[in-house]
Amino acid sequence: MADNTIDRIAKATPPGLAKRVRGLSDRAIAWLFVGPSILLLLAINIFPLIWTIRLSFTNFRVNRFNAPIEFIGLRNYERILSDPDVWKTMQATAHFLFWTIFLQVLIGFALAYLINKKFKGNDLWTTIIVLPMMLSPAVVGNFWTFLYQPQIGLFNYVVGFFSGIDPSSFSMIGSIHLAPWAIVIVDTWMWTPFVMLICLAGLRSIPDSIYEAAEIDRASKWRQFWTLTVPMVLPFLMLAVLFRGIENFKMFDLVVQLTGGGPGSITTLTSIDLKREAFEKWRTGYASAYAVILFVTVFGMASIYVKSLNKVKDR
Amino acid sequence: MSGYSVTEPSKRQKWIAGLLVITYALVTLMPLLWVIATGFKSPEDSIAYPPKVVFQPSLEGYVNLFTTQTRITPDMEATLTPPKTWYEQIVRDKGMVIAGASRYGQRFLNSVIIGFGSTFFSVFLGTLAAYAFSRFKVPIKDDLLFFILSTRMMPPVAVAIPIFLMYRQLGLSDTHLGMILLYTAVNLSLSVWLLKGFIDEIPLEYEEAALIDGYTRFQAFYKVVLPQAATGIASTAIFCLIFAWNEYAFAVLLTSGTAQTAPPFIPTIIGVGGQDWPAVAAGATIFLLPVMIFTIMLRKHLLRGITFGAVRK
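Sequence order for the protein chains is A and B. Sequential numbering from 61 applies to the first sequence in the numbering used here. Sequential numbering from 31 applies to the second sequence in the numbering used here.
Do not rely on the hints blindly, as some may be mistaken.
To be verified - With a cut-off of at most 25 Å between alpha-carbon atoms, the simulated DMTMM-like pairs for lysine to aspartate or glutamate come out as follows: (1) K281/A / E38/B; (2) K180/A / D268/A; (3) K367/A / D172/B; (4) K330/B / E272/A; (5) K178/A / E38/B; (6) K167/B / D86/A; (7) K371/A / D173/B; (8) K330/B / D268/A; (9) K281/A / D268/A; (10) K148/A / E340/A; (11) K44/B / D183/A; (12) K41/B / E275/A; (13) K44/B / D268/A; (14) K373/A / E231/B; (15) K177/A / D268/A; (16) K373/A / D173/B; (17) K373/A / D172/B; (18) K330/B / E307/A; (19) K44/B / E272/A; (20) K167/B / D75/B; (21) K180/A / E38/B.
Worth flagging that the hints you see were computed from the coordinates, not collected in a lab. Keep in mind that this is a model prediction, so the values were computed, not measured.
Working from the sequences, and respecting the hints, build out all of it.
Right, dumping it as structure tokens:
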């Protein structure tokens, strides 16, 4: 498209005038405009990344600045991958990822489907549902600790009110069995609207004419839902899952405020564990290797996923 | 069009759908309303069992949030002049006096400075880059765009390790400038992707006409393209602002005092004798309310913003 414009402008401008009129060449302007952004990202993202990779092969510790830095090859990587505690955090992350995505897709799609029935005032209610998603996760995590208090918390009270269980008999964030679900519930409360919005965009992109054609063919509503609605929304849904997957793989702020990784280490997700290694135990080299492993995992999973997403889109 | 359509849901369907969605919305709203209400409760009411829905409103939480207080003995109280203002009165009723301002105001101000500062730079740089990506043939364009997006995939805690080391060397730790630069870089991906989408939608003919009229590229950019992209730029700015406003991981790892923003500070608010829930709730309310208002304003652009322009309604 850009080529086309330049050609058209070039044709429209008398040759001798061209340079004087346009001042800098387009190529120079392009670099002038893109340059600063690229430089900033190189300084704040890429340079640190390379530094992290370098550190990951050393035994460097920030709190011992004068100690000699030794290159220890892949030792950090070996230690991380053979550490059962690291695998426990991976398990906790997998549990969190699976259930948050499962619930958010289920509820988010259902809500979008209902909102798409275009009842009166649906815009207003959609906006209200979206509110939690826009808030600061750390502050949200903090105030949910209040809602989860065994005696005085609203959550326990409401659960107790409907189920008859004594509200002071269970603690969502103090119990090993309940804490993994406590973080799933808050994340689902917060992010279901995100999946809902994307599904809604998907549903609204389906032209009415398709349903009209199906109606003429006497396809049942049930059949229309599974053979038209679901496949048409699927690429959108997969995009939502990609976004949520990446976000929740990185999850730190909400959970750290809510449970602090506890009780014990039952809700210690990988980011929280990494933070402890890097900023509490100050094992910088080890933590760098940990960080590199996380990068590779995210990029690897995301690119495999994007490939399958594109396949679904092309179908 | 005739009145009857196969795709239009029946009245009964609409009714049931509306009822279910409204129920969900009310349930989802409850925690937020509860926090706002808690901010106006007295400390005793906030921890009452069963939870109090009806209560005597009190501004004690807000006063506790903004002030530090010390306890005084009754004989000392007798020597003091009676409180002049309503907030002094609230504190005096508890047998205490105000010792000074708390750090909340300062932290809130930091959030404002860092939020607006980083938003300005990320939108400024983002607009330039987006224009170039949209209009010119940039070499390895797709790779650059993907590179810009991929910077967002890294876990913040992982990025924070080298940034922490780098900032310590450069003297940027716990400074406003350091945080502004960092948030600018983080938000740049959002800003470039969103703005590219908005600028792509502006017809090329406007600029061509301007160029033929003798404008330079620069003039065409700021006299023709910028005004056309104004709505897009404004909504991009609000998204960047909300992100910077909400950010916690970098803030908690890289700042401790001078440049600390509100999100790491709010959870540390502890009153006399245990967590002062009304003060925490008041802090959260003041902090979250602007975002709620912006969200309502932004609702038309919401989807585009949160998906980096990947989904347009």
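The hints, checked one at a time:
1. In summary, the hint linking K281/A to E38/B is supported, as the alpha carbons are separated by about 13 Å, within the 25 Å threshold.
2. Proximity of K180/A to D268/A is assessed by CA-CA distance (about 20 Å); at most 25 Å being required, the pair is judged to hold.
3. Proposed proximity of K367/A and D172/B is supported: the alpha carbons are some 16 Å apart, at most 25 Å.
4. As the CA atoms of K330/B and E272/A are separated by approximately 29 Å, the hinted pair breaks the 25 Å bound.
5. Of the supplied pair hints, the one linking K178/A and E38/B holds, its CA atoms being roughly 9 Å apart against a limit of 25 Å.
6. Between the alpha carbons of K167/B and D86/A the distance comes to roughly 9 Å, so the proposed pair stays at or under 25 Å and holds.
7. A threshold of 25 Å between alpha carbons decides the hint, and for K371/A with D173/B the separation of about 21 Å falls inside it, so the pair holds.
8. A distance of roughly 22 Å separates the Cα atoms of K330/B and D268/A; the hinted pair therefore holds under the 25 Å criterion.
9. A hinted pair counts as satisfied when its Cα atoms are at most 25 Å apart, and K281/A with D268/A qualifies at roughly 14 Å.
10. Among the hinted pairs, K148/A with E340/A is consistent with the structure: their alpha-carbon atoms are about 19 Å apart, no more than 25 Å.
11. The hinted pair formed by K44/B and D183/A meets the criterion: a straight-line CA distance of about 14 Å does not exceed 25 Å.
12. A hinted pair counts as satisfied when its Cα atoms are at most 25 Å apart, and K41/B with E275/A qualifies at roughly 19 Å.
13. With a C-alpha separation of about 17 Å, the suggested pairing of K44/B with D268/A holds against the 25 Å cut-off.
14. Between K373/A and E231/B, the direct Cα distance comes to roughly 23 Å. Compliance with the 25 Å bound is thereby established for this hinted pair.
15. In summary, the hint linking K177/A to D268/A is supported, as the alpha carbons are separated by about 13 Å, within the 25 Å threshold.
16. Using a Cα cut-off of 25 Å, the hinted pair K373/A and D173/B holds, with the two alpha carbons roughly 21 Å apart.
17. Distance check on the hinted pair: K373/A and D172/B sit about 19 Å apart at the alpha-carbon level, within 25 Å; holds.
18. A hinted pair counts as satisfied when its Cα atoms are at most 25 Å apart, and K330/B with E307/A qualifies at roughly 23 Å.
19. Note on K44/B and E272/A: the hinted pairing holds, with a Cα-Cα distance of about 19 Å set against a maximum of 25 Å.
20. Straight-line distance between C-alpha atoms of K167/B and D75/B comes to about 64 Å, which puts the hinted pair past the 25 Å bound.
21. With a CA separation close to 13 Å, the supplied pair K180/A and E38/B stays within the 25 Å bound.
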